[in-house]
Amino acid sequence: MDADEDKKENLVHCIYSSVATVKFSQSDIADLLEKARANNEKLGVSGMLLYDEGSFFQVLEGDPQVVATLLRVIQRDQRHDKVIKIIHEEIEERDFSEWTMGYSGATRDDLKCIEGLNDFFLSNNTFIELDEGRAKTLLTAFKEGKWRTSIN
Numbered sequence: 443m444d445a446d447e448d449k450k451e452n453l454v455h456c457i458y459s460s461v462a463t464v465k466f467s468q469s470d471i472a473d474l475l476e477k478a479r480a481n482n483e484k485l486g487v488s489g490m491l492l493y494d495e496g497s498f499f500q501v502l503e504g505d506p507q508v509v510a511t512l513l514r515v516i517q518r519d520q521r522h523d524k525v526i527k528i529i530h531e532e533i534e535e536r537d538f539s540e541w542t543m544g545y546s547g548a549t550r551d552d553l554k555c556i557e558g559l560n561d562f563f564l565s566n567n568t569f570i571e572l573d574e575g576r577a578k579t580l581l582t583a584f585k586e587g588k589w590r591t592s593i594n
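Residue numbers (our numbering): 443 to 594.
What the hints contain is simulated information worked out from the structure, not anything from laboratory work. Be aware that a few hints might be false.
As the list claims (entries may be wrong) - Within a straight-line C-alpha distance of at most 25 Å, the following computed DSS-like cross-link-like pairs (lysine-lysine) qualify:
1. K554 - K484
2. K527 - K465
3. K554 - K585
4. K554 - K477
5. K578 - K527
Given only the sequences and the hints, what does the whole structure look like? Please build it.
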C-alpha cells in the first residue's frame, strides 16, 4: 500500500470496538491475525487491532465501500457482539499503510499510562466504552509509536 497511491484514492478509516463472545487465547489471536492479514492484503485494507479483557479496538483503512463491507462482515461474525462504530470518516492518507493488520499485545497497565486515558482504564473500563475523543487519543498514541515494538 503505497502512500502515493493513497493520495489518489478515496480513503476512509473506521474505528470500532466490540465484545468478544468467546475468550481469545494468544493462539486464537494469532489465527485471527493470519486470516485477517491475508484477506486485508487482497482487499487493500490496512489497520491495527488491540485486544484486552474480552474487547476489541480496531482501525480499518481503505476504500469506503470495501471498509463498509468488511465492517458488515465483522458485525455478522458470531465471535463479536456489540460492535460499535466509534468513528467513520474520510482520511487523506493511511496511518497504518505498512500493516495489513498491526497488532499489539498492549496490557491494561500499558493502556493506563496513556495521558488522557489513564483514568478511563484505571476505572476498569473496556474498549466498548470508549467515546470518540478517547478513541482518537488511543489512535494517536499508537500512531506515534506506543507499542510499535510489540507489533507482531
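Checked hints:
1. K554 - K484: The given pair, whose Cα atoms are some 35 Å apart, is violated under the 25 Å limit.
2. K527 - K465: Holds: K527 and K465 sit about 22 Å apart, inside 25 Å.
3. K554 - K585: holds, 17 Å
4. K554 - K477: violated, 30 Å
5. K578 - K527: holds, 13 Å
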